[in-house]
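Asks: For reference, the chains in residue letters:
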Amino acid sequence: MAENFPVAFLFFAGAALLFAIPKGNSRAIFLLAVPVAAGLYIWSLPEGDLWTARVFNLDLELMRVDRLSRIFALIFALAAFLGNLYAWHVRDRVQQVATLLYSGSAIGAVFAGDLITLFIYWEGTAIASVFLIWARRTEGAYHTGMRYLIIQVGSGVLLLAGAALYWRETGSLAFEAMTLGSLGTWLIFLAFGIKSAFPLLHNWLQDSYPAATVTGTVILSTFTTKLAIYALARGFAGTEILIYIGAVMTVFPIFYAVIENDLRRVLVYSLNNQLGFMVVGIGIGSELALNGAVAHAFVHILYKGLLLMSMGAVLYRTGTAKGSELGGLYKTMPLTMIFCVIGAASISSFPLFSGFVAKSMVLSDTAKEGYYIIWAALLFASAGVFHHSGIKIPFFAFFAHDSGKRPKEAPWNMLLAMGIGAFLSIAIGVYPAPLYALLPYEVDYSPYSISKVVTTLQLLLFAALAFTVLVRTGIYPPELRSINLDSDWSYRMLFPRVIGAVSRAIGKIWTAMTGFALRRVNGIIAGLYRTHGPEGPLARVWPTGSMVLWIAILLAATLLISFIDLA
Amino acid sequence: MLATFAPLSGFLLHLPILQVIIPLITAPIVVVIGIARIGWLLAFLASIASLVVSYLLLMQVIDGSVISYQIGGWAPPLGIEYRVDAANAFVLLILSVISTVVLPYAKTSVEKEIRAGSQTLFYTAYLLCFTGLLGVVITGDAFNVFVFLEISSLSTYVLVAMGAERDKRALTAAFDYLVMGTIGATFFVIGIGLLYMMTGTLNIVDLASRLEPLSGNRTVQAAFAFIVVGIGLKLAIYPLHLWLPNAYTYAPSAVTSFLAATATKVAIYVLLRFMFSVFAPEFSLASGALQYIILPFGVIAMFAASIVAVFQADLKRTLAYSSVAQIGYMLLGIGYFSNTGLSATMIQLFNHAVTKAALFMAVGALVYRTGTSFIPKLAGLGRQMPWTSAAIVAGGLSLIGIPTTVGFISKWVLLTGALEKDWWWMAILIVASSLIAVIYIWQVVEVLYLKEPENETVVKEAPLSMLLPIWTLIIASFYFGLDTELTLTSARAAADAFIGAVSPIAGASQ
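Chain order of the listed sequences is A and B. Read in order, the letters of the first sequence correspond to residues 83 to 649 in this note's numbering. Read in order, the letters of the second sequence correspond to residues 30 to 539 in this note's numbering.
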């Protein structure tokens, strides 16, 4: 028992030790050693409930190891390693400590066997991660971080409230599969939903991730949302509503991704869309679909990290990640470009890349279970992913028109981190058996059947064709060629007007709704300040008379209610 | 067990009177000697002695037994009786712990904030206040409660007024408090007078038995209303809290720390004693005061006072309003009218005393070094006074109720009580009001750590004599957040002493 201590403690001890290690390479090496040690340790763990702590008559399961929690813990450790390698050059202790605490909390949450432990780590990820946003140390980043923190902590509070009610209903705090129905489970569901960025609960994601530091975004993209995916897979597998939520999630960020100019933000929209695929898989809840969702989360962490790393490298070297200001970087950043294209191919699920072996599992099971409309939506979303992540990102950053920028190639540590990510993306795509062996259920699935490969290739080729046709026909006005991609305006005109119109309509409604809500909130705060502020009637203290009046009123009230015998 | 030591047994028999008489006798001695340092030493020794006595008392009664002590050998109900049970022994312990921790801090703080000539008088007033509070809690005689309440109140007015060295507004604050406090005390004594008129006795136990047949009597009901409102003023029930923010803001730091942790807690205790021991619990419930006064005003305090705290520019004042809000939680526990609810109130007494005393002391340390508690002037102190600032953050976490702090334990018990009654909307209110605490604590954290200092003057960390008491309480607030054995057991025993004997729900449904 005693030797199977919780993995999270390894990270926390590492964070404490960090203060004792001098700045520089020795600390960077230490930061790499922690996730490596954790990874090896997780690999060696037996299955079962390995560590129980007793607090207030409650048994807290800190180490529930099974196939589902192990694969998530492993990919988290791997992602922490790559993230720290990518951040080798960073000498900011705040970010280093935050990264360790953040990844440790995420792994701790994955191993949590009961809702209280889950809650503690859940809040741990929220609090640790916000420092990666604040680490940018700008006024804007500060406010963004604050908004992010409020939403994340709010999600934790919902989780705790839900857990308390769930405990009242069932007498158990174990974190097992639940069915929606009672207030408690709905609150828990909502808490998970916020962190996995369900539609309309998603805004924190696009708001905060691109606001973090270059390395911070890479770290952030891994843990919070995938932890939520894990929690959904554990708690709400087979909940049908998730299928529809997931389908909406895959489709609607595409419109935003198309009109967005900041390439890191485009990637975050596509992150949201990818989460949708996983949510659909969890909603279907069959063994194949769950395997698909988990495998997708696994490879997604790798290739999304890879894409964000490449954009981060561009940002690091050029100081911007705006599509309209970049272009032609392939000349001086060829390796970064190659890695980015590999990431793009993976996310578009080209055969022989990692996205293909995972996403096809969810897709084919959707069709098999008879959700044809959902299946069509997912196909549409796949085409959309290919368009904005597969074509748009590498095209605008590295090719397109020449921006004249001639930055140096990314530093060696970034290249190495991207290289490992790219290698793994291809390796899993070519030889998926080791990944399949890790999945929660036995896999009897071969991605490389003729029909699947052909379907996918058809889809991708037609998407590419559509793109080309749109460009070549009148929809792409010739005069734009000259000012092509020079400004936001031209950039928004480049792509089909239909999509533009739809997204603008959605945007307008959304702005109107948020604007209304914002005005109301501001009104309430102003009202509160009028009444409760230093000059407000409720904060006045000097007049003794008002106090005496209150005493009289209260006495009268007390007398009255005793005399008229209310009770 | 202790009584088997023959020489000790006589001493042990007189513990109840020693509890009050030690600080009472010390007070005039301090004046006579007239040297501030020796005055402080004597006060500190008296406080330690009180601590020992109260600990011994609590150990004797924690199993639910009761000690009855007859002053001068006059048997109750004619003579004055001191009566110790689990409930008041617990409060006595809180009082003497806080006093013992605050006094070492007070020495440094008082040397800076109070003119040298007045310092001995300060310690005298302090000891009298301490005596009064102890007396209110330990006595078993209703009129004696009033007497001790006046002793503590009068010395409190003096103590608050001593803040005039730093800020002249302390004088108005003390005067306002005097007027309001006197009205409260008058109401209280009117209530007791009415009871005496009806029953001819002042002994609490005797009163209780004689009041039982009189439950429908209008005079008794009026007495109840007067007592609840009079005490309500002392404990700062929400609309009657107006004296508190100024008194706490302008009093010397040591006084604020001591009063915030003790005075309102004693008032809560008196309220409980009258509602549940003098009047029968069923009577209190039937009067409607619990449902229509205590509970709603408790909830209003939780929100309104917290929101006012958010908009304050003076840190002491922020904390003062936060105290009003925290008192709301205690009232909420009473309003539940259940064993768990009263446990929550009792444990919140202890937890809030520890937390708020630590916070006010830490703010006092900031005042000691910078001369102000105006929040914008504290910018960037997080780096210059790291220990003090860290204490404010840690205390703030406890106010919010983060797990592993005592604040969490209070709210947890309070939540359990709410869920026991299936009042889950109440559970939501409790959590929601805690979120407001996040706002006002965060504002302070932001100013201390994230803002650049206004000017370049170097501010030193507070002296060790201040840091040690502050951190003792901060560590206690975390220790008792993890190990709840002592506090929860005492709080449960105290709750049992009030309504454990009767079955509250069955009684209520009659």
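Check before you lean on any hint, since a few could be wrong.
Where chain A lies over chain B, by a calculated footprint (3+ residues, C-beta under 8 Å) [to be verified]:
#1 91–103
#2 268–282
Counterexamples of contact, computed for chain B against chain A with all Cβ distances above 12 Å [said to hold, decoys possible]:
#3 ASN173
#4 VAL176
#5 ALA251
#6 ALA461
In case anyone wonders, no lab produced these hints; they're calculated from the structure. Built from N, CA and C at the ideal position, the CB exists for glycine as well.
Asks: Once the closest CB in chain A is found, is it more than 12 Å from B:ASN173?
Replies: holds (24 Å)
Asks: Can you confirm whether chain A covers the stretch 268–282 of chain B, using C-beta to C-beta distances below 8 Å and requiring at least three such residues?
Replies: holds (count 6)
Asks: Is the Cβ of B:ALA461 farther than 12 Å from every Cβ of chain A?
Replies: Non-interface label on B:ALA461 violated, nearest chain A Cβ at 9 Å vs cutoff 12 Å.
Asks: Is the nearest Cβ of chain A still more than 12 Å from the Cβ of B:ALA251?
Replies: Non-interface label fails for B:ALA251: nearest chain A Cβ at 6 Å, not farther than 12 Å.
Asks: Measuring Cβ to Cβ, find out whether B:VAL176 lies farther than 12 Å from everything in chain A.
Replies: Non-interface label stands for B:VAL176: nearest chain A Cβ at 22 Å, farther than 12 Å.
Asks: Confirm or reject the coverage of the stretch 91–103 of chain B by chain A under the rule of 3 or more residues with a beta carbon closer than 8 Å to the chain's beta carbons.
Replies: Violated - the stretch 91–103 of chain B has 0 residues with a Cβ nearer than 8 Å to chain A, which falls short of three.
Comparing the model with each numbered hint stated earlier shows that hints 1, 5 and 6 do not hold.
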